[in-house]
Every structure is written in C-alpha cells, then in structure tokens.
Amino acid sequence: MRMPGARRKRSPEISFRNEHSSEGGFTFVEILVSLLLVSVLGLVIWSGLARGENLVRRTFRGTADAVRILQLDTALRKAAGRVVVPYWEAGPEVETAGDSVRVSWLDGQARRYLSLERRGGLLAVGFSTEEPEGLFGPFDEIALGLMTGPDGTTRGIRVAVVGGAAGGWGGGTVELQARFGGQPLWARSSE
Amino acid sequence: MSQKGYTSIVVLILLIFVSSLFLGAGALVELSLRQLRRGEDQDRELRLLREKAGQVIELLLDDPTPFADSPGDPVWAGLAALSGQETQVTLRDLSSRIGPNWIRKEPLESLELLRPESSPRELQQLREDTGLHLDLEVAFSELFRGGVLETLCTPYGYFNLNVSDEFVLRRVHYLRSGDLAAAEAFHVRVQEARSAGRIIEPDGVEDFLGESYRLLFPLVNAEPVMNVYYVPERVLEGLCRHYEVPMARAERILAERRAAEWTPADLDGILGAGSGAGAASGGGASGGGAAMLRQYLGLTTWFWEIRAAAGARELTWIVARVPPAGLPPGTAAPEYRLVEERIRP
Chain C
183 MRMPGARRKR SPEISFRNEH SSEGGFTFVE ILVSLLLVSV LGLVIWSGLA
233 RGENLVRRTF RGTADAVRIL QLDTALRKAA GRVVVPYWEA GPEVETAGDS
283 VRVSWLDGQA RRYLSLERRG GLLAVGFSTE EPEGLFGPFD EIALGLMTGP
333 DGTTRGIRVA VVGGAAGGWG GGTVELQARF GGQPLWARSS E
Chain G
50 MSQKGYTSIV VLILLIFVSS LFLGAGALVE LSLRQLRRGE DQDRELRLLR
100 EKAGQVIELL LDDPTPFADS PGDPVWAGLA ALSGQETQVT LRDLSSRIGP
150 NWIRKEPLES LELLRPESSP RELQQLREDT GLHLDLEVAF SELFRGGVLE
200 TLCTPYGYFN LNVSDEFVLR RVHYLRSGDL AAAEAFHVRV QEARSAGRII
250 EPDGVEDFLG ESYRLLFPLV NAEPVMNVYY VPERVLEGLC RHYEVPMARA
300 ERILAERRAA EWTPADLDGI LGAGSGAGAA SGGGASGGGA AMLRQYLGLT
350 TWFWEIRAAA GARELTWIVA RVPPAGLPPG TAAPEYRLVE ERIRP
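Residue numbers (this note's numbering), protein chains in the order written: chain C, 183 to 373; chain G, 50 to 394.
Hints are computed from structural coordinates only; laboratory data are not their basis.
Fair warning: this is a prediction, and the values are worked out from it, not measured in the lab.
Some hints could be false.
Per the computed footprint, the stretches of chain G lying under chain C, defined by three or more beta-carbons under 8 Å from a beta-carbon of chain C, are [what the hints assert, rightly or not]: (1) 63-71; (2) 82-91.
Derived list of chain C stretches under chain G, where covered just means 3 residues or more per stretch with a C-beta under 8 Å from a C-beta of chain G [as the list claims (entries may be wrong)]: (3) 243-253; (4) 296-304; (5) 334-344.
From the three backbone atoms N, C-alpha and C, an ideal C-beta is built for every residue, glycine too.
Using the sequences and the hints given, assemble the complete structure.
Written out as structure tokens, the structure is:
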C-alpha cells in the first residue's frame with residue numbers, strides 16, 4: 183500500500199523505452215553519415231566488381247587466344263609433317279595466291295596437297311579437299327608464307343598471326359613455323 | 050526488417066554471380082594451363098626423342114671402320130645403352146634392297162619378283178607414266194608378287210649410274226633440272242657409256258656428270274647400292290645368278306657375313322671383282338659380271354631408319370649418308386643428312 187505523499191518511482195524499463203523508442207528516430211546528421219558510409223561502401227564494391235569483371239574478361243580473352251594459337255601451332259606442325267617431299271625431287275610444287283598457299287607431296291604423293299587459306303579472320307587448313315579439315319582463329323591478321331633454308335629451298339610453312347594474345351599480352355606478331363616431313367637431298371648441306 | 054532481408058538476398062545473388070564468374074575464369078585458366086603444360090610435355094618428349102636419334106648418328110659417326118657398316122659395328126652395342134625402360138631406340142638398314150624405282154629390266158627378270166602376268170617392260174612404262182614413288186604398295190603392288198615389296202624392295206637408295214635404268218636417270222635429271230633437252234643429253238651420255246661397256250667409278254662421277262654434277266650428286270653416283278651385310282638372301286642369290294657369278298660366292302657371303310668385317314678389297318676378292326675384272330657389258334662373262342655385281346653390292350648402308358619411342362610417342366628419322374665424293378675437299382668424316390622425319394601420334 184502506498185503511503186500518502188510518497189512519489190511514484192519510474193521503473194528503469196519505462197525510462198529506456200522513452201529514450202530509445204523507434205518513434206524517436208535518427209537525427210539528420212546520423213542519416214547523413216550513414217548515407218555517406220553506404221555510398222562509399224557501394225562505390226568501393228562497385229569499382230571492385232568492375233575491375234574484377236575487366237580482369238576476368240581479359241583473362242578469358244588472353245587465355246582463349248593463347249589456346250587458339252597453341253591449337254594452330256599443333257595443327258600446322260602436324261599438317262606440315264605430312265608433306266613428304268621425296269629426296270630425289272628438287273622441291274615441292276607451291277602455288278601461292280593472295281589468300282592461300284598450296285603445297286604438293288602431301289603424304290608423299292605428288293598429286294595430293296596441303297592447303298592453307300585465309301577466310302576472313304580464320305585460317306583454313308585442308309588436305310587435298312575443297313572443304314577444310316580445320317578452321318583456326320579468329321585472328322586480327324593472318325600472313326601466309328614459306329619457310330626457306332639458307333640455300334633458298336622450301337623447307338616448310340610459315341604463318342604469322344596478329345591479335346588476341348599478341349595484343350592482350352602486349353606482344354606483337356606471333357610467327358609460327360613448321361617443317362615438312364621430308365626434304366630433297368642436295369649436294370651441300372645448308373642446315 | 051523485410052528490407053534488410055531483401056538486401057541480404059541481393060548481396061547473396063551478387064556474391065554467387067561474382068563467385069561463378071571467377072570460378073568459370075579459374076576453370077578456363079586451369080584447362081588452358083593444362084593444355085599448355087601438355088604441349089610443353091610433348092615438346093620435351095620430342096626433344097628427348099630427337100636427342101636419342103641424334104646420339105644414334107653420333108654412334109654411326111664414331112665407327113672406327115667407316116668403310117664398312119657391319120653387324121659387328123659398335124653402333125649396335127651403343128643402341129642397347131640408349132634404350133631404357135622408358136625409351137626404345139632401333140636402327141634399320143633401309144637401302145639394301147631392290148629399288149623398283151631404278152631397277153633395270155634384265156636383272157628384274159632374273160630376280161623373279163614380278164607376278165607371272167607382269168613384265169619388266171610394264172614396270173618401265175609405269176615409271177615413265179607416273180614417275181618415281183615413295184609408297185611402293187600404292188604404286189607397284191599390281192606388278193609385283195605378294196609380299197615382295199615389303200620384304201625385298203625399298204624406295205630408299207641412290208641411283209647408281211651403272212645399274213639404274215637409263216630412262217629413270219633421264220627422269221631424275223629432268224626432276225632436278227626441269228630441262229628436258231639437258232635430261233635427254235644426259236640420257237644419251239649414259240647410253241653411250243653402256244654401249245662402250247664402260248663402268249663409271251666413284252672418282253669419275255664428277256667428270257661424267259659435268260655441269261649436272263651440282264644438280265644430281267649425291268643422288269646419282271657410282272657407289273654400290275646395297276650393303277652386302279644386310280642384302281636379303283634371295284636378292285643376293287638372284288643377282289649372282291643374273292651376273293653368272295658362282296653361287297658358292299653368295300653362299301660364302303651368307304655364311305660369313307654375321308661374324309666378318311670385310312674391307313672393300315676383301316669383298317672384291319670374294320666376288321672375283323678385283324683389279325682386272327675391268328669393263329662389263331652389263332652381265333654375262335664372270336669377270337665383267339662380277340664387276341657389275343660389285344656395283345650392286347658394297348659395304349656401306351646409304352639410308353638408315355632410326356626409331357625412338359617413349360610411351361605412345363614415336364619419332365622416325367630417315368637419314369642418308371652422303372658418299373665420300375660429295376664431301377668438301379679434305380673432309381674425311383662421313384656425313385649424314387636427315388631426309389625424312391615422322392612423328393606419331
């Protein structure tokens with residue numbers, strides 16, 4: 183029973199509610215600071231994501247281009263290895279047009295040929311057929327040529343490609359050379 | 050509170066997206082690196098196989114008796130040392146057989162290599178029509194008896210001026226010079242030498258070929274085409290029969306060749322083709338016949354096949370030994386040239 187005149191005590195729980203109730207809300211400065219923090223955090227995350235995406239894309243592109251060049255190199259070596267010019271011949275018959283090179287003596291047979299042809303940014307490798315056996319690329323530029331020995335005899339094929347890995351990794355033209363599987367026998371070695 | 054939950058989902062989706070992006074890039078890079086590593090491994094394997102093949106050539110060059118390539122040469126013992134658990138290295142004589150690309154009609158008839166319904170003239174005509182061939186099965190299997198091309202014939206070998214078909218020599222000249230008139234002039238010179246019964250010796254090749262020497266040597270020379278140590282028995286006997294050399298000489302060669310290492314003079318003695326055997330008329334009399342037989346049978350292997358294999362990968366080299374006259378003046382050491390390289394797979 184409460185004594186007359188005695189003051190009623192406020193419980194601490196009630197006091198807490200009054201000071202921190204949601205109705206009280208945040209001050210304007212608090213909101214500004216939190217907005218600023220969120221913005222800074224957002225900017226950091228955004229720039230990180232953008233940089234990460236860029237890195238991932240470059241990695242994708244560089245790796246894909248490196249693999250493309252590696253695949254082309256492997257295919258060229260195999261294809262050139264199939265050109266077996268008999269030791270009694272003077273050299274292979276070579277037909278070069280602007281966009282293509284044809285070399286006889288594929289698989290040691292005079293009438294069969296290896297063909298390399300530029301088709302846009304792609305390089306088509308074919309074996310005695312109109313339809314290519316393999317398409318490689320795309321590359322920004324492709325230059326076709328022949329590999330010759332110091333004596334001027336044709337020893338293999340040469341393909342220079344620009345683009346992809348060359349650009350992505352800061353290099354220039356990537357030149358690939360592949361020797362024929364067989365070559366004529368001449369009086370003086372010029373190896 | 051619901052807004053906080055929504056934000057968490059957005060962050061979660063973002064995290065998943067970013068993670069999958071990096072995961073994908075990582076997987077691609079890993080795959081690519083694996084492919085690059087595989088390429089490097091293959092290159093390393095190939096380098097190793099080429100080194101082994103090169104070491105076989107070193108062994109051939111180290112032969113203390115370079116005038117004779119016999120089964121007793123150190124190269125054969127060296128091969129065993131080069132082969133190991135992971136690498137196998139083999140060496141094979143390729144040129145000591147009959148060459149369908151150059152053989153003349155008369156000895157071919159005596160050797161009985163053609164099918165009964167085929168004639169040497171047909172082979173000659175086929176060579177005129179289609180040229181020379183590396184793949185004997187594809188080119189000549191219709192004319193030769195079954196199994197003969199694999200066991201007794203070879204596409205590798207030099208064109209000996211004294212025993213090669215004259216039309217083949219003309220074709221070889223044309224292939225090298227592209228000049229039909231010059232090839233025909235060379236053909237006439239060969240015909241004249243044969244009509245005169247003249248045997249061209251190795252040191253007379255340069256004079257005989259004249260301006261064509263630069264084009265034709267070492268492909269065309271006057272060295273014996275086959276190595277007596279490795280020539281198949283049937284070919285040896287067939288050639289002795291054709292050139293009327295007593296069969297006892299062939300039997301002696303067959304009996305002794307595993308153990309002996311002959312000098313050129315020894316071989317002359319065995320075949321009866323020593324000094325005085327003289328000119329030959331392309332067969333017949335035993336002295337001239339033996340001298341002609343000596344054009345087929347010598348002590349040197351001109352084309353070797355070297356194989357080096359490691360696991361599934363195999364490298365094959367076909368190397369040609371350049372005849373002595375082709376070496377620069379003052380150089381006595383033999384020289385080998387790579388004419389073919391095959392890589393499998």
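Evaluated hints:
no.: 1; hint: 63-71; result: holds (count 4)
no.: 2; hint: 82-91; result: holds (count 3)
no.: 3; hint: 243-253; result: holds (count 5)
no.: 4; hint: 296-304; result: violated (count 0)
no.: 5; hint: 334-344; result: violated (count 0)
This entry does not satisfy hints 4 and 5, going by the numbered hints stated previously.
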